[in-house]
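Below are the chains, spelled out letter by letter.
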Amino acid sequence: MTTPTTDPTLAPDGIPIKRNRWFPARKRLPAAWRRPLAVVGIVIILTWTVVALLAPWVAPHDPLAQDFDRYQPPSGDHPFGTDVVGRDILSRVIYGARVSLPLAVLLVTLSVLVGATVGAIAGYVGGVVDAALMRVVDLFFAFPAIILAMAVAASLGPSLTNAVLAIVVVSWPAYARVTRSLVLSLRETNYLAASRLLGDSSGKALIKEVMPNVAGPVLVLASLELGNAVLLLSGLSFLGLGAVPPSPEWGSMVSAGAAVFYNYWVALFPGLAIFTVVLGFNFLGDAMRDALDPRSARSVATSEL
Amino acid sequence: MLFRFILSRLGSAAILSVGIILVSFILTALLPGDAATSRLGERAAADPEIVAAVRARYGLDQPLYMQFFIYLGNLLRGDLGTSIRTQNPVLSDLAQFGPASAELAIAATLIAIVVGVGFGIVASLRANGIIDQVLRVVSLGGVSIPIFWLALIAVYLFSTVNRIFPSSGRLNPGETPPPQVTGMYTFDSLVAGNWPLFISALSHLILPALVLSAPMIGLLLRFTRSSMLEVLGNEYVRAAEAKGLPRHTVVLRHVLRGALVPVITVLGTAFASLLAGTVLVEQIFGWPGIGAYAFRSASNLDLPAIVGVTLFVALVYITVNLIVDFLYGVIDPRIRRA
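Note that the protein sequences, when read in sequence, are chains A and B.
Start counting the first sequence at 1; every next residue gets the next number (this note's numbering).
Start counting the second sequence at 1001; every next residue gets the next number (this note's numbering).
No wet-lab data here; the hints were simulated from the structure.
C-beta: ideal position from N, C-alpha, C; glycine also.
Please note that the accuracy of each hint is not assured.
Unchecked claim - Chain A is faced by these chain B residues, among others (derived, beta-carbon under 7 Å): (1) A1013; (2) A1014; (3) I1020; (4) I1021; (5) Y1236; (6) V1279; (7) F1312; (8) I1318; (9) T1319.
Stated by the list, open to error - Derived Cβ-Cβ restraints for the label pairs, each shown as a range: (10) A:V40 x B:L1076: 38 to 46 Å; (11) B:R1126 x A:A65: 50 to 58 Å; (12) B:S1092 x A:V84: 34 to 42 Å; (13) A:V244 x B:L1007: 32 to 40 Å; (14) B:L1064 x A:Q66: 14 to 22 Å.
Stated by the list, open to error - To list a few chain B residues with every Cβ distance to chain A over 10 Å, as calculated: (15) P1048; (16) L1064; (17) G1073; (18) L1075; (19) R1126; (20) R1136; (21) P1146; (22) W1149; (23) Q1180; (24) N1194; (25) I1206; (26) R1257; (27) L1280; (28) V1309; (29) A1314.
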């Protein structure tokens, strides 16, 4: 194996290692498309994305304008009714997509950046650094997500930014675990040895060789977590620790309806929005898990819940 | 072998606990807000003498690492600080609200095990059939539904529109709680032999417990299904079938036993999702437990209380997972060597 003739692009059995930069298992992705639930999930997500992008044109009214009689039940003019100060709930639900979706993507991205960095360092450096970092990860796993997030949000003060930060604090460890285990399995491969032989520094090898191979599975896990991100964020807002009025955030809209649930429409429709978005992400994620089956991503995803 | 296994698990749980205490210390010490005044009520915080006394008592005039040891010492004496909102020691608040949460969590877990594992078995036996697909949607729905919204719908449908269950509290107004044994009213009223009270406590418990169990049902259903399928593919199952044993004997005697062992391990992690749900569910059902306490503390920016809850819940979580680890080690000897 140490002879210089070893071709780093060939596995020991002589089969070329397919190294697609971003999706190592892409050739198996179409399986996901054959699953009806996955298609439903994609349709739901695409619909909400379009709604979010086109909100000013789709929404019948201004989401903040208090133009109408309060607590009108659903009708032709106001399909989702009106709320406590006479705002059109349909318009608020539509604009809510502009709050929840980008923030979910943002907080998952931040968690991936933090988690993947920690995991890559732990896996690549190994030894004491690895042990220490992984104990820190264990530690954060032991804290129940929403309660730690509540503590962080409570001490930083209620705002959407702080809620996002609080959730990042509780959600990065999952990515650290996956990234570490992926890096560990890569560390002994031939092409990494080749990169070292070519004189690449550790840092360069990490970015040039390790990162592209880790990216695929980590991105899969990240996409699985988008639904959870929406749930946690709206949960914190429901508790009054996220979005601040009059922001049209779904969780806080449900919260506004909680006190007056005999006017069922105030809480029903924003909650339905959360449910459909999360369901869409989970339909998609479930199919992706089955199709790609990155074992590491799956085991962490289930243990993280 | 078993002894060493238990010892090593105990050791790592202890290390983890110290780490958790460290994090909760950092939360109190480093986040904005004066730790001394945040331990006091508003009136006491206005008195510089009292503030100085508290600073000395909690060692806030000492360097940070000394503060940690003082904090640790206070914890060992059961001093978690004083809640700003209730003006009670946080520990006595926790002791007061703990049993209600325990009752709710245990009830939800039992429901989730029966429904989730039961339907998981059904799904695996009808893998990829129509029932399996329906159950897949049910389980994904369970983990996708915002639990605070589900709780509101449940209250609306079963308490407001149809008065089947009471909408809030643990007992009807005017009823006195049973003599305290565990603090869990359903259990205590049974012990006291008070049937009407038991019925009342149970009818208050059912709705919040059902709502709380939804995500856990989803989780257990999926996990049981995949665990069953894995075992069903084993050689010994084919051997048992080849021997001509009836299907139900094979499933109940050979498959189920092997398949349920891994399910025990998710119980610990599923318990965490349950704890998260209690905050929201207790709030909506007016259930006087730790979750509602945590919420009221957080919305009043009552830092000592919320940190106390965080610490307490994390320790409960570690303990539950320790028990799960032990159970798993006892049932499956292979684990002990790992």
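Here is what the structure says about each hint:
1. For A1013 (chain B), the suggested interface contact is broken, since its CB lies about 9 Å from the closest CB of chain A, more than 7 Å.
2. The restraint placing A1014 (chain B) at the interface with chain A is violated, with a minimum CB-CB distance near 12 Å, outside the 7 Å limit.
3. Given the 7 Å rule on beta carbons, the hint for I1020 (chain B) holds: about 6 Å separates it from the nearest Cβ of chain A.
4. For I1021 (chain B), the shortest C-beta to C-beta distance to chain A is roughly 10 Å, which exceeds 7 Å, and the interface hint is violated.
5. Checking Y1236 (chain B) against chain A: minimum C-beta separation of about 24 Å lies over 7 Å; hint violated.
6. A least Cβ separation of about 6 Å between V1279 (chain B) and chain A falls short of the 7 Å threshold, and the interface hint therefore holds.
7. Using the Cβ-Cβ criterion of 7 Å, the hint placing F1312 (chain B) at the interface with chain A is not satisfied: the shortest such distance is roughly 9 Å.
8. With a cut of 7 Å, the hint placing I1318 (chain B) at the interface with chain A holds, because the nearest CB-to-CB distance is about 6 Å.
9. For the restraint placing T1319 (chain B) at the interface with chain A, the shortest Cβ-Cβ distance is roughly 11 Å, beyond the 7 Å limit, so the hint is violated.
10. A hinted range of 38 to 46 Å is violated for the C-beta pair V40 (chain A) and L1076 (chain B), which are about 54 Å apart.
11. For R1126 (chain B) paired with A65 (chain A), a C-beta distance near 52 Å keeps the hint of 50 to 58 Å intact.
12. About 38 Å separates the C-beta atoms of S1092 (chain B) and V84 (chain A), a value consistent with the hinted range of 34 to 42 Å.
13. In this structure the supplied range 32 to 40 Å is violated for V244 (chain A) paired with L1007 (chain B), their Cβ-Cβ distance being about 50 Å.
14. Our hint of 14 to 22 Å for L1064 (chain B) and Q66 (chain A) is violated, since their Cβ atoms are close to 50 Å apart.
15. Chain A leaves P1048 (chain B) outside its interface by the beta-carbon criterion, the shortest separation being 24 Å against a cut-off of 10 Å.
16. The non-interface label for L1064 (chain B) is consistent with chain A: the shortest C-beta to C-beta separation is roughly 17 Å, beyond 10 Å.
17. Look at G1073 (chain B): its CB is around 21 Å from the nearest CB on chain A, clear of 10 Å, so calling it non-interface holds up.
18. Listed as outside the interface, L1075 (chain B) is consistent with that label: its C-beta sits roughly 16 Å from the nearest C-beta of chain A, beyond the 10 Å cut-off.
19. No Cβ of chain A approaches the Cβ of R1126 (chain B) within 10 Å, the least distance being about 17 Å, so the stated non-interface status holds.
20. With 10 Å as the threshold on Cβ separation, the claim that R1136 (chain B) sits away from chain A is violated: the shortest Cβ distance comes to roughly 7 Å.
21. Interface exclusion of P1146 (chain B) from chain A breaks down, the closest Cβ pair being 5 Å apart, not more than 10 Å.
22. Under the 10 Å C-beta cut-off, the non-interface status given to W1149 (chain B) relative to chain A is violated; the minimum distance is some 3 Å.
23. Remark: the non-interface label on Q1180 (chain B) is consistent with the geometry, its nearest Cβ contact in chain A lying 26 Å away (cut-off 10 Å).
24. Distance check on N1194 (chain B): its Cβ is at least 32 Å (rounded) from any Cβ of chain A, clearing the 10 Å threshold; non-interface status holds.
25. The beta carbon of I1206 (chain B) is kept farther than 10 Å from every beta carbon of chain A, the shortest such distance being approximately 19 Å.
26. Every beta carbon of chain A lies more than 10 Å from that of R1257 (chain B), the smallest distance being close to 21 Å; the non-interface claim holds.
27. Non-interface status of L1280 (chain B) relative to chain A is broken: a Cβ of that chain comes within 10 Å, the nearest being about 6 Å off.
28. The Cβ of V1309 (chain B) does not lie farther than 10 Å from every Cβ of chain A; its closest approach is about 6 Å, which violates its non-interface assignment.
29. Its closest Cβ contact with chain A, about 5 Å, brings A1314 (chain B) to no more than 10 Å, contrary to its assignment away from the interface.
Checked against the numbered hints given earlier, the structure breaks hints 1, 2, 4, 5, 7, 9, 10, 13, 14, 20, 21, 22, 27, 28, 29 and satisfies all the rest.
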